[in-house]
Amino acid sequence: MERAAVLGRLTWRLAEVAEIVPETARAATLVFEVDGWPGHRAGQHVDVRLTAEDGYQAQRSYSIASAPGEPHVRLTVERLDDGEVSPYLVGELRPGDRIEIRGPVGGYFVWEPGGGEPVLLVAGGSGVVPLAAMLRRRIETGDRTPMKLLYSSRAPEDVIYAAELDRLDGLDGVDVIHTFTRSQPDGWSGYVRRIDEAMLAAVAWPASQGARAFVCGPTRLVESVADGLLAVGYGPAAVRTERFGPTGGEG
Amino acid sequence: MSMDDDRRLDGNAAAGLLGEIFAVDLTAARCCCGGCGATEQLAAEAVYAAGPGTVMRCVHCGHAMAVVVHGGGRYWLGVSGMTWLEIPEPAPA
Numbered sequence: 030m031e032r033a034a035v036l037g038r039l040t041w042r043l044a045e046v047a048e049i050v051p052e053t054a055r056a057a058t059l060v061f062e063v064d065g066w067p068g069h070r071a072g073q074h075v076d077v078r079l080t081a082e083d084g085y086q087a088q089r090s091y092s093i094a095s096a097p098g099e100p101h102v103r104l105t106v107e108r109l110d111d112g113e114v115s116p117y118l119v120g121e122l123r124p125g126d127r128i129e130i131r132g133p134v135g136g137y138f139v140w141e142p143g144g145g146e147p148v149l150l151v152a153g154g155s156g157v158v159p160l161a162a163m164l165r166r167r168i169e170t171g172d173r174t175p176m177k178l179l180y181s182s183r184a185p186e187d188v189i190y191a192a193e194l195d196r197l198d199g200l201d202g203v204d205v206i207h208t209f210t211r212s213q214p215d216g217w218s219g220y221v222r223r224i225d226e227a228m229l230a231a232v233a234w235p236a237s238q239g240a241r242a243f244v245c246g247p248t249r250l251v252e253s254v255a256d257g258l259l260a261v262g263y264g265p266a267a268v269r270t271e272r273f274g275p276t277g278g279e280g
Numbered sequence: 018m019s020m021d022d023d024r025r026l027d028g029n030a031a032a033g034l035l036g037e038i039f040a041v042d043l044t045a046a047r048c049c050c051g052g053c054g055a056t057e058q059l060a061a062e063a064v065y066a067a068g069p070g071t072v073m074r075c076v077h078c079g080h081a082m083a084v085v086v087h088g089g090g091r092y093w094l095g096v097s098g099m100t101w102l103e104i105p106e107p108a109p110a
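These protein sequences, in sequence, are chains A and B.
Per our numbering, the very first residue in the first sequence carries number 30; after that it's consecutive.
Per our numbering, the very first residue in the second sequence carries number 18; after that it's consecutive.
Don't read these hints as lab results, they were simulated from the structure.
Being a predicted model, the structure only gives us computed values, none of them experimental.
Incorrect hints may appear among the rest.
Stated by the list, open to error - The following label-pair restraints were derived from C-beta to C-beta distances:
hint, chain 1, residue 1, chain 2, residue 2, range
1, A, Asp172, B, Gly90, 42 to 48 Å
2, A, Arg211, B, Tyr92, 41 to 47 Å
3, A, Asp204, B, Phe39, 23 to 29 Å
From the three backbone atoms N, C-alpha and C, an ideal C-beta is built for every residue, glycine too.
Start from the sequences, fold in the hints, and give me the full structure.
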């Protein structure tokens, strides 16, 4: 069993927005300066707390997008129209504003370099965020773990980190495979359907290689992918899942 | 009971709340359902956080394993629905 991270007392810290980077029409990356940030592991998340002038507070979890070695803490947030927190974070927040965050939290959905076994990352929508942190961790440490990212999006314009993922695809030991469920780029010859068992059988590392999988996305995708991975031979302990809450939840 | 509604999260989402109470990361702990006996890491169990309390249900049978309510300067923690927790020792600092 993986060892739990040592946690000090979990305290709220002020995080100042240094920069906001649009990713898609609905998602943006918030780049924060956080005083006393204790560091994190790839895949962990933070809680974000907003306080209104009348004292009302709302709190959500968001996955950390940045790799542990980066100078800033970055969160990529997708705006949910009926959300309470995400429309503020993506739309109202400006550089220089400060919000409260605490963390990092979560020692389960975490990848550390050095294991050697090939890793399959499976993302639905903004579920790509913690998986991108794992890819970035691999790159920044020079780790050689073979990694494949299978990423399901509705349309090409919904792909978060599109340019970066294009750049990473084909690097030694990194493959990025997209599937587009509603509309595709012109001339697209790749996958055009939801991730299913046949797709996993074609894309996933053979379970016999000791492969591990991290799956993050909406509940339906996570469950069908987890079932599909079991069907292609992955043991339950080789598959770690995170349902959408931490990257959006109720918004 | 349907567990497939939109409000369903998983144990990862309870990490912050549990971190307010416990010194170790319980999401990495393995727990045993008092209803069906299935074991999972806490992060993989179903969590509902939209109500006045946070409820953790067995991802296999839906049995309510634990409830946390926070308010009035206190935490109430109900764990009658699980039989045991196996908590990994924290890594040395």
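- Task: Could you tell me whether the CB distance from A:Asp172 to B:Gly90 stays inside 42 to 48 Å?
- Result: Given range 42 to 48 Å: holds, Cβ gap about 46 Å.
- Supplied distance hint 23 to 29 Å, evaluated on CB atoms of A:Asp204 and B:Phe39: violated, 39 Å
- Verdict for A:Arg211, B:Tyr92 (Cβ pair) under range 41 to 47 Å: At 44 Å between Cβs, range holds.
Figure legend: structure checked against the earlier numbered hints; the only hint not met is number 3.
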